[in-house]
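Engineer: Between the sequences and the hints, there should be enough to build the whole structure, so can you do that?
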Amino acid sequence: MYNVISAKDIDALKKISGENSVFTGEEINHDYSHDELGGIEKMPDVLVRVHTTEEISQIMKLAYDRNIPVTVRGSGTGLVGAAVAVKGGILLETTGMNKIIELDRDNLTVTVQPGVLLMELAAFAEENDFLYPPDPGEKSATIGGNISTNAGGMRAVKYGVTRDYVRELTVVMPNGEIMKLGGKVAKNSSGYSLKDLVIGSEGTLAIITEAVLKLVPLPKVSISLLVPFPDMKSALEAVPHIIRSKVTPTAIEYMSRDTILFSESYLGKKFPDTKNEAYILLTFDGNTDEQVENDLNSVADLCLSIGALDAYIVDTEERKKSVWSARGAFLEAIKASTTEMDECDVVVPGNKIDEFIVFTHKLSEKYNIRIPSFGHAGDGNLHIYICRDDLDDRQWQEKLSLCFDEMYKKAEEIGGLVSGEHGIGYAKKEFLKKQYGDSHIALMQGIKKVFDPKNILNPEKVCF
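Heads up: the sequence shown begins at 1 in the numbering used here, then just goes up one per residue.
Misleading hints may appear alongside valid ones.
Just the calculated beta-carbon pair ranges, DEER-fashion [stated by the list, open to error]:
# : residue 1 : residue 2 : range
1 : D196      : S401      : 31 to 39 Å
2 : D438      : I414      : 22 to 30 Å
3 : P349      : S222      : 24 to 32 Å
4 : K270      : K139      : 15 to 23 Å
5 : V450      : D164      : 23 to 31 Å
6 : R163      : K246      : 21 to 29 Å
7 : I101      : D196      : 18 to 26 Å
Listed next, the in silico DSS-like pairs over lysine-lysine satisfying Cα-Cα at most 25 Å (straight line) [as the list claims (entries may be wrong)]:
#  : residue 1 : residue 2
8  : K233      : K42
9  : K233      : K158
10 : K233      : K352
Everything labelled a hint here was simulated from the structure, so no lab data went into it.
Model, not experiment: these values are computed from the prediction.
Glycine included, each C-beta is placed from N, C-alpha and C at the ideal position.
Structural biologist: If you want it as structure tokens, here you go:
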């Protein structure tokens, strides 16, 4: 059992963080009760806006001594309730820890605090002729949140995911101890990789307060290719052919006509082409026009030879902005089209994507419920949205449960996993338990117990 926060605890928190950084009761905006999707709600007992590693260390020493639960929150853009204080207690907001501390040109690294936004880091890197490759769709997410979920994004096909770019983490342990995990090195075979346990742990093992991230030189040329297909099946069947070719696109995104139309309506801007049922959007980057154009033309010819209806080159800034802003708005556009929704963030083998999407279409018909989708076709990470529309509470909960059960079961049957990049949090943990089984979950719980014996850090998330 956890202790209830007392007036004495509040006074102690104010001494640590300052009167203007500690909020209770009606001082806490209701937005802090939920994340972006809003399906999980619980108000924290106290909100603390933190600014330094040492400050967090003192708060955790207090919480550890008093047995008070602590949840960490960045921008609140998550979709599975991971940043919701489901047991109340203290909510630490890290958005004020937003400094880019150091650019190390010799070692190709940048050191940042966890509250730096992805779009801020991306812009900073580009201004200095570097690229930070991880590219999740939500650019206003914090780097701390990206690391906590091992976010992937659209460039994962060529460059990999967040884990591949984290060299070192400064963390505060649940007992308040400050530790450095990893190092500013390219290789590390020095015992268990504790850094990699923290990456993707969704704030359940330690609090990230600083990160050293790997950069790559900024490619000089980047061009996109929009390829329409007559239907979803032919579009997705083209992806393995592209991957098997000798060309490595930066991104391979799948989108349906319906999803594009949602985005058009949401943004109030026209997409270059909406007359076809399905599209593949690809990006190619490199250091010479000749190299990139050769890659683009090779893939365009390949797609046309296997059923594509056309291949539109997206090479001007205006066209790029039109296409990629539409892609970036898909989540918000679908959300705006319905009264409530929930997401299935599965990842499946690349050659099973079309099978899974066809399955969701059949589910939509079976349960008479709308299930739009889009996804990272190059790495099998699909974003499937179940829309409530005009269903009443009973119908919504019943159909949502049935659809989730069938989709996660299907994903497991074809070799997929519960989450590709959004995490497990609170909303998806039962599905994780069903897929992994007792032995796997017991190992995860054992790791949690070693890091956090009192279970005060983001309790009831992931595997509890």
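Engineer: Please go over all the hints and tell whether each is borne out by the structure.
Structural biologist: Tested hints:
no., hint, verdict
1, D196 <-> S401: 31 to 39 Å, "holds, 34 Å"
2, D438 <-> I414: 22 to 30 Å, "holds, 23 Å"
3, P349 <-> S222: 24 to 32 Å, "holds, 28 Å"
4, K270 <-> K139: 15 to 23 Å, "holds, 22 Å"
5, V450 <-> D164: 23 to 31 Å, "holds, 25 Å"
6, R163 <-> K246: 21 to 29 Å, "holds, 27 Å"
7, I101 <-> D196: 18 to 26 Å, "holds, 22 Å"
8, K233 <-> K42, "violated, 41 Å"
9, K233 <-> K158, "holds, 24 Å"
10, K233 <-> K352, "holds, 11 Å"
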